[in-house]
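A.B. asks: Working from the sequences, and respecting the hints, build out all of it.
Listed here are the chains, written in short residue letters.
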Amino acid sequence: EAGVTQFPSHSVIEKGQTVTLRCDPISGHDNLYWYRRVMGKEIKFLLHFVKESKQDESGMPNNRFLAERTGGTYSTLKVQPAELEDSGVYFCASSPRGGAMNTEAFFGQGTRLTVV
Amino acid sequence: GEDVEQSLFLSVREGDSSVINCTYTDSSSTYLYWYKQEPGAGLQLLTYIFSNMDMKQDQRLTVLLNKKDKHLSLRIADTQTGDSAIYFCAERPSGGYNKLIFGAGTRLAVHP
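Chains as they are written, first to last, in my numbering: chain A, -4 to 111; chain B, 44 to 155.
Please keep in mind that the hints were generated in silico from the structure rather than gathered at the bench.
Just so you know, not all the hints are guaranteed correct.
To be verified - Below 27 Å or equal to it, Euclidean Cα-Cα: the simulated DSSO-like pairs (lysine-lysine) are:
1) B:Lys113 x A:Lys39
2) B:Lys79 x A:Lys36
3) A:Lys36 x B:Lys110
4) A:Lys46 x B:Lys142
5) B:Lys79 x A:Lys39
6) B:Lys142 x A:Lys39
7) A:Lys36 x B:Lys113
8) A:Lys10 x B:Lys113
9) A:Lys36 x B:Lys142
10) A:Lys46 x A:Lys73
11) B:Lys110 x A:Lys39
12) B:Lys142 x A:Lys49
13) A:Lys73 x B:Lys142
What the hints assert, rightly or not - Label-pair distances were calculated between CB atoms; the ranges are:
14) A:Asn58 x B:Gly58: 48 to 58 Å
15) A:Lys46 x B:Asp59: 42 to 52 Å
16) B:Leu104 x A:Thr109: 26 to 36 Å
17) B:Ala84 x A:Ser22: 39 to 49 Å
18) B:Leu88 x A:Met34: 17 to 27 Å
19) A:Pro76 x B:Asp121: 46 to 56 Å
20) B:Ser137 x A:Glu9: 41 to 51 Å
21) A:Phe2 x B:Leu88: 16 to 26 Å
22) A:Lys10 x B:Leu104: 35 to 45 Å
23) B:Gln100 x A:Glu99: 14 to 24 Å
24) A:Tyr69 x B:Glu81: 17 to 27 Å
25) A:Phe2 x B:Pro82: 15 to 25 Å
26) B:Gly138 x A:Tyr69: 21 to 31 Å
27) B:Lys99 x A:Pro76: 39 to 49 Å
Backbone N, C-alpha and C fix where the C-beta goes; we use that ideal spot for every residue, glycine too.
C.D. replies: Here's what the structure looks like:
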């Protein structure tokens, strides 16, 4: 069974450009999460989808970030326009249906974004 | 506020035990986790402990939880070079789902 996959693995863009990150969760997982680790600091929660609906987007930094999960399958995270402080590693995770009884979220390898 | 603190770096000799410490702030957290990130890889769940437990052992790994002090530790017995990685502590506040609060990670270096 395939794990959580993220594309691309690395992206280098110029300030002001647009970048779209993609996450394919484990098949059948209703819950999908985006996290970000900036400059060796803590990994911070960005948002959470349950199927195609945004359950919690309290961690989204600002309106330059747009996340979608059309059809409740894969998700995209678009940054437009990108700023230097957006550089970091963006992780996606998924977990099956249900809340409190799920003990594990499965993480992808992350996308390393560098804005120059 | 929500904050998970860990020391940033630990160096141990191969064969010794490693102890990585973590403090968290949310006393309502239901689960506490240790994730491992090897170079170029994603986050791998190592182990977790439910908040009503104070110890969990899994082969070479021992997790200790002091709920009163909000202190979590991970002990790796007989540390090997393959254990070299970044170890993240995370708490999961009550309310369900897997919205985790992570620390900044502890980089474990194992030398001969």
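A.B. asks: Hey, Lys36 (chain A) versus Lys113 (chain B), does the alpha-carbon distance stay inside 27 Å?
C.D. replies: holds (21 Å)
A.B. asks: Tell me if the beta carbons of Lys46 (chain A) and Asp59 (chain B) are separated by a distance inside 42 to 52 Å.
C.D. replies: holds (47 Å)
A.B. asks: Quick check: does the Cβ-Cβ distance between Ser137 (chain B) and Glu9 (chain A) fall within 41 to 51 Å?
C.D. replies: Distance hint for Ser137 (chain B), Glu9 (chain A) holds at roughly 43 Å.
A.B. asks: With the threshold set at 27 Å, check whether the alpha-carbon distance from Lys79 (chain B) to Lys39 (chain A) stays at or below it.
C.D. replies: holds (16 Å)
A.B. asks: What's the verdict on Lys10 (chain A) and Lys113 (chain B), does the C-alpha distance respect the 27 Å limit or exceed it?
C.D. replies: Given that 27 Å is the threshold and the Cα spacing comes to 41 Å, the pair is violated.
A.B. asks: The hint says 16 to 26 Å between Phe2 (chain A) and Leu88 (chain B); measuring C-beta to C-beta, is that right?
C.D. replies: With a Cβ separation near 22 Å, Phe2 (chain A) and Leu88 (chain B) satisfy 16 to 26 Å, so the hint holds.
A.B. asks: Does the beta carbon distance between Gly138 (chain B) and Tyr69 (chain A) stay inside 21 to 31 Å, or does it fall outside?
C.D. replies: Hint holds: Cβ distance 26 Å, inside 21 to 31 Å.
A.B. asks: Under the criterion that the straight-line Cα-Cα distance not exceed 27 Å, is the pair Lys46 (chain A), Lys142 (chain B) satisfied?
C.D. replies: holds (15 Å)
A.B. asks: Between Lys142 (chain B) and Lys49 (chain A), does the CA-CA distance stay at or below 27 Å?
C.D. replies: holds (13 Å)
A.B. asks: So if I understand the rule, the pair passes when the alpha-carbon distance is 27 Å or less; does Lys46 (chain A) with Lys73 (chain A) pass?
C.D. replies: Holds, at roughly 18 Å.
A.B. asks: Quick check on a hinted range of 39 to 49 Å for Lys99 (chain B) and Pro76 (chain A), using CB atoms only.
C.D. replies: For Pro76 (chain A) against Lys99 (chain B), whose Cβ atoms are near 46 Å apart, the range 39 to 49 Å holds.
A.B. asks: What's the verdict on Lys113 (chain B) and Lys39 (chain A), does the C-alpha distance respect the 27 Å limit or exceed it?
C.D. replies: holds (20 Å)
The structure is inconsistent with the numbered hints 8 and 17, although it conforms to all the rest.
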